[in-house]
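Protein chains: 2
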Amino acid sequence: MHKDKKTAQASQQSIDRIFTVPEAPDSSLGRIEQAISQNLNRFLQEHIAATERPLTEIEKDFNTASVPENPTFVSEHTEFLLDKLVAQSVHTSSPRFIGHMTSALPYFLMPLSKIMIGLNQNTVKIETSKAFTPLERQVLGMLHNLVYQQDDAFYDRWMHSANHSLGSFCSGGTVANITALWVARNHLLRPQGTFRGVAQEGIYRAMKHYGYEGIAVLVSDRGHYSVKKSADILGIGRESLVSVATDENNRIDIAALEKTITELKAQNIKPFAIVGIAGTTETGSIDPLDKLADIAEREGCHFHVDAAWGGASLMSDSQRLKMAGIERADSVTIDAHKQLYVPMGAGMVLFKDPALVSSIEHHAEYILRKGSKDLGSHTLEGSRSGMAMLVFSCLKIIGRQGYQLLIDQSVAKAQRFAKMINTHPEFELISEPELCILTYRYVPERVKQALSLAKPDEIDVLTSLLNDLTISIQKRQRESGHSFVSRTRLTPAAWDGRTTTVFRVVLANPLTTETILEEVLAEQTELALQSKGAYPALMEKAEQVLLRAQVKRP
Amino acid sequence: MHKDKKTAQASQQSIDRIFTVPEAPDSSLGRIEQAISQNLNRFLQEHIAATERPLTEIEKDFNTASVPENPTFVSEHTEFLLDKLVAQSVHTSSPRFIGHMTSALPYFLMPLSKIMIGLNQNTVKIETSKAFTPLERQVLGMLHNLVYQQDDAFYDRWMHSANHSLGSFCSGGTVANITALWVARNHLLRPQGTFRGVAQEGIYRAMKHYGYEGIAVLVSDRGHYSVKKSADILGIGRESLVSVATDENNRIDIAALEKTITELKAQNIKPFAIVGIAGTTETGSIDPLDKLADIAEREGCHFHVDAAWGGASLMSDSQRLKMAGIERADSVTIDAHKQLYVPMGAGMVLFKDPALVSSIEHHAEYILRKGSKDLGSHTLEGSRSGMAMLVFSCLKIIGRQGYQLLIDQSVAKAQRFAKMINTHPEFELISEPELCILTYRYVPERVKQALSLAKPDEIDVLTSLLNDLTISIQKRQRESGHSFVSRTRLTPAAWDGRTTTVFRVVLANPLTTETILEEVLAEQTELALQSKGAYPALMEKAEQVLLRAQVKRP
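Quick mapping for you: the protein sequence lines, in order, are chains A and B.
Residues 9 to 562 (this note's numbering) make up the first sequence, in order.
Residues 9 to 562 (this note's numbering) make up the second sequence, in order.
If you're looking for bench data, these hints aren't it; they were derived computationally from the structure.
Keep in mind the model is a prediction, meaning the values are calculated, not measured.
All C-beta atoms, glycine included, are put in the ideal place defined by N, C-alpha and C.
Hints should not be assumed to be uniformly reliable.
[Said to hold, decoys possible] Pulled a few chain A residues facing chain B out of the computed Cβ check, cut under 8 Å:
{"id": "1", "residue": "Leu48"}
{"id": "2", "residue": "Thr100"}
{"id": "3", "residue": "Pro114"}
{"id": "4", "residue": "Arg145"}
{"id": "5", "residue": "Ile241"}
{"id": "6", "residue": "Ser326"}
{"id": "7", "residue": "Leu329"}
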């Protein structure tokens, strides 16, 4: 690094300025800000490029691996961001972006976010967050109440109690799931006699003390990948995450679960946590939570519900019925940045028993002193922002009934889309929407006919060719930039568990209309016909099967 | 939960509105936003109440543990936030708030944050982040370059490579440290022969396979509490975090470290990571990194440097010299939300070897597919926001030389403050500022005199009384709301390792003047004299000691 006296002096002035004097209001940054404030959606529509540039092209704009030596003017940098970053970002709030869980945001969150960022609180400790500490505890209380519905006396007693916690606020569902299983692990392998507990002594000595050969987490095939990641991080190993088969509705198979538990116990492996899913990532399915609660209770193991995505549906009286039993969970993960319509970075894990977090409690000399109400003594993360303020604002402004409407509308829309697919001659619904996620694929009529007459090995080949076609359609649809659905691989019972690539749709954006959904199917049909490799190969194989089955060409 | 048809209909309208039509510009939210844009610091000064209300009082405003049934008007909610939250938050960007690492923010970050939040990207995967993926990789590359200074060919090759990663972006230093030790643990206990590695099989089987009785992380007494938390989470146990004594400058004592390593090995405990600190949280001290690198190399263990706070000082050519050896670390933690002046929630861990993260790599069906460039396959967290954009913007706009000025000014200011304390008859500097953190305490002249003549047991009593006084001053200073310093407990060599409570000051805010520092000392002196319990008790003991030592009253 070299020094340049003249430039450095110029920097001195700019440094003094950036912490004090704002730019003139007619600057490019000011104009952008105003445009965003007035109409975020229009700003994004105007600035995000429709057609996707290849990633390798975009990378060329982000190729310099050194901190620039000299300062850049704010306006110059803003132009760069507009051209190279904003233009090449993903329009997640577009009503045609129905492939993932990131959706539109309420407009009032933009200015509120600015207040939050301007205040720059650090919720790890009261000294840097003051009112944000009781605020965050209240948000955790509200979500706890949504799940567990305890009485006022319960919340009066525990919500602001220094040595208790109704949950941990965190950056997202993954940290929430890790935290829940961390608590469960530490609770199972707790201090006993001369053994000072797994938190102090670690897993090796814990296993020797308790005499287990292993400990296991059980979750269905549809479990989120973060559960496996948790098993790795927590030192129990990914193989301790035992996958249980699902039924034809992508819900955990209770008989298979019982069998797995028996087998594990025979090997002296202790099942220490059962994870139920309330809204699987891929299909939106809900496990039979009440039955899982029974089994967890009988086995004396921690019952965690991963409701990262589905938890918000508890806001709706009718959807709530689908999650009966969630109130029996020891811990529940809910992401506010999914169906609570809060910006990215707001997850929570809630604990039924406010004393449960004591198993992960920690202190330090300069903060988190014993008896303090510092939030950081019960969280995996240390320094954290005041995101709870945005969750709080959405809960207050939208209200329970507002969310109920949003949730019910999304589910109803998914059901109408399912019907649209079911009645379409060239599409096949793979998973019914239990909430507002569904999966399907494009299957031309002749292929449907061939599949109905095909022998198992012929179905294998047709499935594989259909998978190629689905991938090809999904990729080109994303690249075209008109609309976006995601894809995943399932093993539907209807196809004897054959690995099947499907389109996956999440209908959480209130601005997505039925017309848009019709257009999505039309675009996919067109993309299928344009497919140069996958489509002809599939059709040829279908005709072969039909010929073999002595069906005449149409 | 009950239903109310009429209110529900009203909600339908408000729901439709919140995702589309913005409020009129003269709304309260609009006015606040404008005020923040024009002058954040003045807005905060005007709205944050100076005097602290007791937390129990503030809690009363955040006491309802149910999601409100009906929606609230945005303007009404905004007034509530202003009155109850903003007014009772901490003015972290005040030049008089010099107790923690949260400081003022450059003004341009407010509008840029709004763009970031409006775009609502999810950097876990390219499908929801597109250009934000190469952007984040570039930011990691820039910081990697700052630490490791590899040549262009290195960054051309690895920065955007799908199966490699120069680091992981995360919510903060704690997750960064956990990630580093997770990588180190998985690398040590990697697959070998029939053993499939700790990530797969867990710690219990790993230890049996490798035949260790334990594995240990070594860090000095001044280590951040997150290292102990990491040891708990990672399943090796807090006791595996072995604290090593520090020298009189709060740096790790190399002889003590060598002795500890020998002792551990004698017990068949494998030291698998040595953590060096570049800027301790409490005193800002820097361990002798080069010597630690030598030892780590010799012992074949992972060398991690926790530079969460101090890492930004690498921007300065002169401060960089104090961190010689950091470029030999296998991993380095840097928080952008500390001395890089980015809002809360931006941490990073950098890896010298771009292939090292393979030990924590994970995949899923619907994202993070093998060979994809999805960032989520190498991070502890799942969904994450586009915070890297704010780091990128600060690096570009401020530039290396801009940061150098900021850092050098902070260090110079800390040195002047240290001199001010050293020459003040009634203060005692406890730790010299190596960077811009220092610690000190208030010691009246007669007490200084008494301490110089006291016997060990008398020093014990005086120390304890001084500790009470320091706590009392610090608390009342915070409550008065004029200024804020934090406090911690150290074991200074000058006082034979007696536990000593000290004021802790972090001088990172460019707007803090020497006049403010003089006022802080004046306020502390005044608060000492006003102390009803601690001050008289201390003075009485001091006079007893002086009497015993036959020193006359003045």
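Each hint tested on the structure:
no. : hint   : verdict
1   : Leu48  : 5 Å, holds
2   : Thr100 : 5 Å, holds
3   : Pro114 : 4 Å, holds
4   : Arg145 : 7 Å, holds
5   : Ile241 : 6 Å, holds
6   : Ser326 : 10 Å, violated
7   : Leu329 : 12 Å, violated
The structure shown violates the earlier hints numbered 6 and 7.
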